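Read top to bottom, the protein sequences are chains A and B.
For the first sequence, position 249 (counting from the first letter as 1) is numbered 249 according to UniProt numbering, and the numbering increases by one without interruption.
For the second sequence, position 10 (counting from the first letter as 1) is numbered 10 according to UniProt numbering, and the numbering increases by one without interruption.
Read the hints as simulated data drawn from the structure, not as lab findings.
Here the structure is a predicted model, which is why all the values come from computation and not from measurement.
One or more hints might be untrue.
Since the list gives no way to pick out one identical chain from another, each pair is judged satisfied if it fits inside one copy or across any two copies.
[To be verified] Dumping the calculated DSS-like pairs for lysine-lysine here, alpha-carbon to alpha-carbon at most 30 angstroms:
1) Lys53 x Lys90
2) Lys264 x Lys164
3) Lys190 x Lys225
4) Lys2 x Lys185
2 protein chains.
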Amino acid sequence: MKIRRSERLIDLTDYLENHPYQLVPLTFFAQRYQSAKSSISEDITIIKTVFKKRDLGIVETLPGAGGGVRFMPAISRELAAVYLENLREKLADPQRILPGGYLYLSDILGQPNLLRQVGRLIATQYAGQEIDAIMTMATKGIPIAQSAAYYLNVPYVIVRRESKITEGPTLSVNYESGSVHRIEKMELSKRSLPTGSRIIAVDDFMKGGGTISGMHNLVEEFSGKLVGVTVLVESNDARVDQAEKRFPATSLLNLQAISVEQQKLNIELGNYLEVTDFNPEKQIIE
Amino acid sequence: MKIRRSERLIDLTDYLENHPYQLVPLTFFAQRYQSAKSSISEDITIIKTVFKKRDLGIVETLPGAGGGVRFMPAISRELAAVYLENLREKLADPQRILPGGYLYLSDILGQPNLLRQVGRLIATQYAGQEIDAIMTMATKGIPIAQSAAYYLNVPYVIVRRESKITEGPTLSVNYESGSVHRIEKMELSKRSLPTGSRIIAVDDFMKGGGTISGMHNLVEEFSGKLVGVTVLVESNDARVDQAEKRFPATSLLNLQAISVEQQKLNIELGNYLEVTDFNPEKQIIE
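Just chain A, with the same shape it has in the complex:
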């Protein structure tokens, strides 16, 4: 029994959404729908156009024997700006002010609709780039890492301050915690990361950058390469010049000032929009 185009378009859209960055040969869909490859090509063309028009992401077709169709969940600068402003408004609430100039973020990090936006933003920044894994620090970096992993279709690994018996052998490095100005230790399960991996590091809050610097060292211990760092909120509080940092970080939001006494905070957009290339087709690695 023949499968109609409407059914193919619906299932194709669902399939691509749930398989980002996976190159799927057209023959796979031709068999799935018992339809001619030419019909599938027409379907893809329609989907590609609608995804672009509706800002749902980029559907690209790679020609040739090893070719197929691939979905990149990258959004436009306009939509990214909307997501960022939405996050900024949510965080600009004085009730979030915590002692020590910290921001209460836990609720944000547990809301799936916001995490989808954060993941989409990070995935857009690194769209089409060669990335093997995402690294983050327990505990509050995990939601950020998972949201990005969903859209980039790469695994993420969790660095911890104290290793657990359920981690197996670990590799550890020391780092200076910017928050408490003392040397701490961070560990990662040895088998969790292949040596030579290309890594992006993500975290919820950066103040001074000690944690990021530690993750940088850890990546090097695994003979890997740190290709990017993105944080949800960067705090200017510690007054560390980006240039002085070992690795420049991309921030979605920037905590410019926070006063526990006056219960005031000033949170602006970070440097995300400046550093992000919104034409990922350019950077695709075939």
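Let chain A serve as the given structure and place chain B on it in line with the hints.
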């Protein structure tokens, strides 16, 4: 300019996928596509049929003024069995055996494609039920909680062994850790959970159930109601009879036997398929 059905079907599919459990009035789509509500109704009917046929989830339309369309990401028993067997095979690797009869799970918990399956399974178990939040224990329960939160469209909260300065005021309870047989403390940020919430608790590994019991107490401290417990792997190792437990847990997988000496393990499906009702329409709360 008129928007064609093909475009509507693609965008509708994308929209529903990204807004699970959100009741969307047809007028929203009528405006979005400058199309008649009757056309939108026809689109929904097509999508509903394809989603059911392809096992992509349940699209339901609620009639009346307060009505609209809602997507429930629930899968069939057949697809659930495929997901579970896939997970079982991945975990049944003797190299995962860790001292103390633990399983190395960290890699599994960082793979987005597997987390999608876990999330879909948990969301199917609780499909259509009234749930306000998902609770989990740091660190390795977090990926499970987030994967389920994505499909159930509810926030998740993270219980921690030691509170952080970035959590604000916390509520804490003591619990007996099944693994090390000593009394430990677990804390949850006070503002992270409204009192009277209906909660499901999830975790990666249950051995004895001390952590779950602790989360049960914590839910009661928040005057909430624990309506379900689901774990990725339950270990028979501790020989705790389900009946003896304060709260019966649903397990996706069951670690029946593990021998560190012989480097052998026997992992089977848990009780998920027995306890899950695969007809969520029945339990929908209007």
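Verification of the hints:
In the homo-oligomer, the alpha carbons of Lys53 and Lys90 lie at most 30 angstroms apart inside one protomer (28 angstroms), although the nearest pairing across protomers, at 40 angstroms, exceeds that limit. Taking the shortest alpha-carbon separations for Lys264 and Lys164, only the inter-copy value of 22 angstroms comes in at or below 30 angstroms, while the best intra-copy value is 39 angstroms. When the C-alpha separation of Lys190 and Lys225 is checked against a cutoff of 30 angstroms, the pair qualifies only within one copy, where the shortest distance is 16 angstroms, while the shortest distance between copies is 40 angstroms. Taking the shortest alpha-carbon separations for Lys2 and Lys185, neither the intra-copy value of 61 angstroms nor the inter-copy value of 60 angstroms comes in at or below 30 angstroms.
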